[in-house]
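**Q** For reference, the chains in residue letters:
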Amino acid sequence: MAEEKQPYGLIAQFETPADTLHAAEEVRDAGYSQWDVCSPFPIHGLDKAMGLKNSGVGWFAFIGGVVGFTLGMLMIWYMNAYDYGIIVGGKPMFSPFGAFPPSYELTILLSSFGALFGMLFLNRLPRLHHPLLKNRRFAQATHDKFFVVIECEDPKYSETETRRLLESVGSTHVELVEE
Amino acid sequence: MNASTQSESDNAMDLSKWAKVPGVLIAVGGIGALMGALIPSLREQFAFSWLVAFMFYLSIGLGALFLVMAHHLFDASWSVPIRRYMEHLANLLPWMIVLFIPLAIFAPTIYGWMNLDPHAHHALAAKQPLLSIPGFYVVSILCLGIWWLLASRLRYWSLRQDETGDAECTYKMRLYSYWGIFAYAATVTLGSIMWVKSLNYHWFSTIYGVYYFAGSVWVAAGVVYIIGMILKQQGPLRDVVQPHVFYYIGSILFAFTVFYAYIHFSQYFIIWNANLPEETFWYQMRESGSWMEIGYIIIFGHFFLPFLALLRIDLKMTFWWMFCLGVWGCLMHFCDIAFNVMPLLHPDGFVLHWLDLACLAFMGGLLAKIYLKYLYSSAWYPQKDPRLAESLGIYVPSAAERTGSEA
Chain A
89 MAEEKQPYGL
99 IAQFETPADT
109 LHAAEEVRDA
119 GYSQWDVCSP
129 FPIHGLDKAM
139 GLKNSGVGWF
149 AFIGGVVGFT
159 LGMLMIWYMN
169 AYDYGIIVGG
179 KPMFSPFGAF
189 PPSYELTILL
199 SSFGALFGML
209 FLNRLPRLHH
219 PLLKNRRFAQ
229 ATHDKFFVVI
239 ECEDPKYSET
249 ETRRLLESVG
259 STHVELVEE
Chain B
15 MNASTQSESD
25 NAMDLSKWAK
35 VPGVLIAVGG
45 IGALMGALIP
55 SLREQFAFSW
65 LVAFMFYLSI
75 GLGALFLVMA
85 HHLFDASWSV
95 PIRRYMEHLA
105 NLLPWMIVLF
115 IPLAIFAPTI
125 YGWMNLDPHA
135 HHALAAKQPL
145 LSIPGFYVVS
155 ILCLGIWWLL
165 ASRLRYWSLR
175 QDETGDAECT
185 YKMRLYSYWG
195 IFAYAATVTL
205 GSIMWVKSLN
215 YHWFSTIYGV
225 YYFAGSVWVA
235 AGVVYIIGMI
245 LKQQGPLRDV
255 VQPHVFYYIG
265 SILFAFTVFY
275 AYIHFSQYFI
285 IWNANLPEET
295 FWYQMRESGS
305 WMEIGYIIIF
315 GHFFLPFLAL
325 LRIDLKMTFW
335 WMFCLGVWGC
345 LMHFCDIAFN
355 VMPLLHPDGF
365 VLHWLDLACL
375 AFMGGLLAKI
385 YLKYLYSSAW
395 YPQKDPRLAE
405 SLGIYVPSAA
415 ERTGSEA
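Chains as they are written, first to last, in my numbering: chain A, 89 to 267; chain B, 15 to 421.
Worth flagging that the hints you see were computed from the coordinates, not collected in a lab.
All C-beta atoms in this analysis are idealised placements derived from N, C-alpha and C, irrespective of residue type, glycine included.
Some clues are possibly wrong.
In silico contact screen, one side only, chain B against chain A (beta carbon under 8 Å); selected entries [as the list claims (entries may be wrong)]:
| # | residue |
| --- | --- |
| 1 | D89 |
| 2 | F283 |
| 3 | W286 |
| 4 | N289 |
| 5 | L325 |
| 6 | I327 |
| 7 | Y390 |
The calculated label-pair distances, taken between Cβ atoms and stated as ranges, are [unchecked claim]:
| # | chain 1 | residue 1 | chain 2 | residue 2 | range |
| --- | --- | --- | --- | --- | --- |
| 8 | B | P257 | A | L197 | 30 to 36 Å |
| 9 | A | P128 | B | A199 | 50 to 56 Å |
| 10 | B | Y409 | A | K244 | 30 to 36 Å |
To list a few chain A residues with every Cβ distance to chain B over 12 Å, as calculated [to be verified]:
| # | residue |
| --- | --- |
| 11 | H110 |
| 12 | W165 |
| 13 | A227 |
| 14 | E267 |
Modelling step: build the complete structure from the supplied sequences, incorporating the hints.
**A** Dropping the structure here:
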C-alpha cells in the first residue's frame with residue numbers, strides 16, 4: 089500500500105524502575121496527557137508518579153450490581169406474585185427475604201460483568217493492532233526494559249521538545265514510532 | 015496519600031483536655047452501677063445493662079485478638095506497625111474476667127433457666143449439661159481463661175521480640191496463633207451461646223457464635239482504625255503507619271460489614287423459611303413494639319449505610335469520614351447487643367435506661383484507663399519484627415546481594 093506513514097509517538101527506553109518512576113514524574117509535571125509507561129512488572133507508586141486518578145471501573149461494577157439486584161427482585165415478583173402466583177409454604181406471594189438470595193447472586197454476577205466489560209471498554213479493548221507492537225525494541229518491555237511513550241496526539245507534543253525532555257530525564261534511547 | 019490526610023497528619027491536636035475523661039466516666043458510671051447493684055428494685059435492670067455493656071466491650075477485645083492472630087497466621091507484613099496497639103487492645107480481655115464478676119453473681123437474675131428444673135422442661139433437659147449452673151461457670155471460666163492466656167502470651171512474646179529480636183519469638187507467636195484460632199472459634203461460640211443465646215434457652219441457632227464473632231471483628235476494626243488514626247496524627251506512629259495500612263483496615267471493616275449481614279441474614283432467612291414455632295419465637299419477640307424499629311436500624315445502619323460509605327477507595331482513607339463511621343459502628347454494635355439481650359427485660363420495646371449508660375461509662379472508662387497505661391508502657395510498634403522494614407516500604411538487600419555473591 090502506498091499510504092503515507094503517520095508518526096505515532098516517541099518511545100523512550102529506561103533501564104531501571106527508579107529511572108522510569110522519576111521520568112514519569114517529570115513527564116507528568118511537564119503537563120502531557122496522551123502518554124503511558126510500559127514495564128515488565130508493576131512498579132509501586134507509578135500511578136501517583138503518572139498522576140493517574142482512580143479508575144472508573146468501580147462505577148461500572150456498582151451500576152451492574154444495582155441493575156442485578158433490581159432485576160432479581162423484579163423477576164421473582166413478576167414470576168411468583170404477578171404472572172402466575174403460587175402460595176409456597178404459607179408465605180406471602182412476594183417477600184424480599186425469599187427473593188433476596190437470587191437477587192444477591194444476580195448483583196454479584198452483573199457487577200462482575202460490569203467490572204470486566206467496563207474495564208475492556210475503558211481500555212478500548214479488544215483491538216487487533218497497536219503501532220507499538222511493530223517496534224522490535226519495544227518487545228523488551230516484556231523482558232527487562234522500561235518505556236515511556238508519548239503520543240503525537242498530545243497537545244503538548246513537539247518532535248524536538250519532547251525528545252529533549254525524554255533525553256534529559258535519563259532515557260538511554262529515544263525513538264520515533266510510526267503508525 | 016491524598017492531600018487531606020497529609021495535611022491532617024502534620025498537625026497534632028492537643029488531646030490533654032481529654033485525659034480526665036476516663037476518670038470521670040469511672041466515677042460517675044461506677045456510682046450509678048453501684049446504686050443499681052445495691053438497690054433491689056434496680057437490680058434486674060442493672061444485671062441486664064451490665065450484660066449488654068460486658069458483651070459490647072468483650073467484642074472489641076475479641077475482635078482485636080482475632081486480628082492479632084490473623085496477622086501471625088498470614089505472616090502479614092502490612093499489619094506489623096499496628097500490631098502492638100492491637101495486642102494491647104486484646105489484653106483488655108483478662109480485665110473482662112474482673113468485669114465478669116457481677117455477671118457471675120447476678121446470673122440467676124438474668125438467666126431464667128437457672129431457676130428451672132430440667133426434669134420438667136424438655137428444651138432445658140436436652141441441653142444438659144451445658145445449660146446447668148456448673149456448666150455455666152465452667153464454660154465461663156474456660157472461655158475467659160483461654161482468652162487471657164492467648165492475649166497475654168501473644169503480647170509477652172511480642173514484647174520479648176522488642177528486646178531480643180530472636181526468631182524464636184516469631185515462632186512462639188505463630189504457635190499460639192495456630193492452636194489459638196481453633197480455641198478462639200470454640201470459645202467465642204461457647205461464650206456467646208452461654209451469655210447471650212441462653213437468655214432464650216428454648217431457642218437454637220447453629221450460626222449464633224459466628225454471628226457474634228462477625229459483629230465483634232466489625233466493631234473492633236472500626237476501633238482499630240480510629241486508634242491508628244489518632245496515633246498517626248499525634249505522632250507516635252506518624253512515620254511508621256503508611257497510608258495503605260488504613261486502606262487495608264478499611265477493607266477489613268468493609269469485608270466484615272458484608273460478612274455480618276450475610277450471617278445475620280442467613281440466620282433470619284433459614285428461620286423464616288422453615289417457619290417452625292420453636293425458632294420463630296425469637297424473632298417474634300424482637301418484632302414487637304419498638305424492637306421492630308431497632309431491627310430496621312440494624313439492617314440499614316449496621317449494613318446498608320456502612321456498605322455504601324465504604325465502597326469508595328478514597329473514602330476508606332479519609333480520616334474524618336472513617337472516624338464518624340467507627341463511632342457509628344460502636345453505636346450500631348450496641349443496638350445489636352441490646353437487640354439480642356434486652357427484649358427479655360423490656361418485651362414491649364427498646365428502653366434506654368440510665369443504668370445502660372452508667373454500665374457502659376464505667377466499663378469504658380476503666381478499660382480506657384488500662385488501655386492508655388498499656389500503650390505508654392511499651393514501644394509503639396514492634397521494634398525488631400523481621401517484616402518491619404518491608405511494612406515501611408524500605409528495601410533491605412540480603413547479605414548475598416550486598417557482597418554480590420550467589421551464596
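**Q** Hints numbered earlier in the text: which of these fail when held up against the supplied structure?
**A** When the structure is compared with the hints, numbers 1, 7 and 9 turn out to be violated.
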